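Participant: We have chain A already, so just place chain B on it with the hints.
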Amino acid sequence: GAGVSQSPRYKVAKRGQDVALRCDPISGHVSLFWYQQALGQGPEFLTYFQNEAQLDKSGLPSDRFFAERPEGSVSTLKIQRTQQEDSAVYLCASSLERGDYEQYFGPGTRLTVT
Amino acid sequence: AQSVTQLDSHVSVSEGTPVLLRCNYSSSYSPSLFWYVQHPNKGLQLLLKYTSAATLVKGINGFEAEFKKSETSFHLTKPSAHMSDAAEYFCVVSDGSSGTYKYIFGTGTRLKVLA
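As given, the protein sequences belong to chains A and B, one line each in that order.
Under the numbering used here, think of the first position of the first sequence as 2, with each following residue one higher.
Under the numbering used here, think of the first position of the second sequence as -11, with each following residue one higher.
Okay, chain A solo, but in the shape it has when bound (with noise of 0.2 angstroms):
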């Protein structure tokens, strides 16, 4: 079946610009996880969504930082004013339930900021 989509792939921005990433989780998955993975470094929690409920966003480093799942399905993290410190590549994951369940991983979309 279908896993994780996540587009655009790659997305290059100027500094300043704003950004949208999006994400399809696995269809009837109840929890959307994004990710920030620098350069070299493993993957960092930014934020939690149980259905359409952003319920911990303990990790955004900054106000530029927006995520929202309206209807429960399709995520979008969008990154205001980027700076080049956003560069990195951000993953989304989604997981059945609630609770200690497998994370499924999307590929991936890689932000540069020039």
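Read the hints as simulated data drawn from the structure, not as lab findings.
Errors might be hidden in some of the hints.
[To be verified] Below, a list of computed lysine-lysine pairs in the BS3-like style, where the Cα atoms sit at most 30 angstroms apart: (1) A/K79 - B/K57; (2) A/K15 - B/K30; (3) B/K37 - B/K57; (4) A/K12 - B/K57; (5) B/K100 - B/K57; (6) A/K12 - A/K79; (7) B/K56 - B/K100; (8) A/K58 - A/K15; (9) A/K79 - A/K15; (10) B/K100 - A/K58; (11) B/K57 - B/K46; (12) B/K100 - B/K37; (13) B/K30 - A/K58.
[Stated by the list, open to error] To be clear about the criterion: a stretch of chain A counts as covered by chain B if any three or more of its residues have a C-beta under 8 angstroms from a C-beta of chain B, and this derived list gives those stretches: (14) 44 to 55; (15) 87 to 100.
Note that the structure is a prediction, hence the values are computed from the model and not measured.
Here a beta-carbon is modelled for each residue, glycine too, at the ideal position from N, C-alpha and C.
Facilitator: Chain B alone, transformed into the frame defined by chain A:
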């Protein structure tokens, strides 16, 4: 707070020799631990998962890991390396204390397999 430490950032082995990737964890209660593999330009793939059912966990592609509470370790092993095993490996703990079960990743171990 929960955390994982991967003790080696790079490991090189010859094809056909054993693989050992080391991971130590810190947790205030019985953790759920995972190993994921990341091939270049591909998504993270689950190798195996420990959730307290059995201390020796078998995963895909011949990998296994042993949970040792006394040593707070969860090392990943494989008896015989293949060229296709070359990738980045992440040890992960699931943070249930927050209620979200978000993943906390180690910094990764890059495995190189020499012909």
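Participant: All hints are to be evaluated individually against the structure, with a verdict given for each.
Facilitator: Against the structure, the hints:
The suggested pairing of A/K79 with B/K57 is violated, with an alpha-carbon distance near 41 angstroms, which exceeds 30 angstroms. This hinted pair checks out: A/K15 and B/K30 have alpha carbons roughly 25 angstroms apart, not beyond 30 angstroms. As the CA atoms of B/K37 and B/K57 are separated by approximately 15 angstroms, the hinted pair is consistent with the 30 angstroms bound. Restraint check for A/K12 and B/K57: the C-alpha separation of about 43 angstroms exceeds 30 angstroms, so the hint is violated.
Proposed proximity of B/K100 and B/K57 is supported: the alpha carbons are some 29 angstroms apart, at most 30 angstroms. Our distance criterion of 30 angstroms between C-alpha atoms is met by A/K12 and A/K79, whose separation comes to about 13 angstroms. A C-alpha spacing of about 26 angstroms is found between B/K56 and B/K100, which places the hinted pair at or below 30 angstroms, so the restraint holds. At most 30 angstroms may separate the alpha-carbon atoms for a hinted pair to count; A/K58 and A/K15 meet this at roughly 26 angstroms.
Between A/K79 and A/K15 the CA atoms are separated by roughly 15 angstroms; this keeps the pair inside 30 angstroms, and the hint holds. Proposed proximity of B/K100 and A/K58 is contradicted: the alpha carbons are some 36 angstroms apart, above 30 angstroms. Taken as a hint, the B/K57 and B/K46 pair is honoured in the structure, with Cα atoms around 18 angstroms apart against an allowance of 30 angstroms. For a cut-off of 30 angstroms, the pair hint linking B/K100 to B/K37 stands: about 23 angstroms separates their Cα positions.
Pair hint B/K30 plus A/K58 holds up; C-alpha atoms about 26 angstroms apart against a cutoff of 30 angstroms. For the stretch 44 to 55 of chain A, the proposed coverage by chain B is satisfied: 4 residues have a C-beta within less than 8 angstroms of a C-beta in that chain, meeting the threshold of three. Closer than 8 angstroms: that is the beta-carbon criterion, and the stretch 87 to 100 of chain A has 5 residues meeting it against chain B, so the requirement of 3 holds.
In summary, the structure is inconsistent with hints 1, 4 and 10 from the numbered list given earlier, while agreeing with the others.
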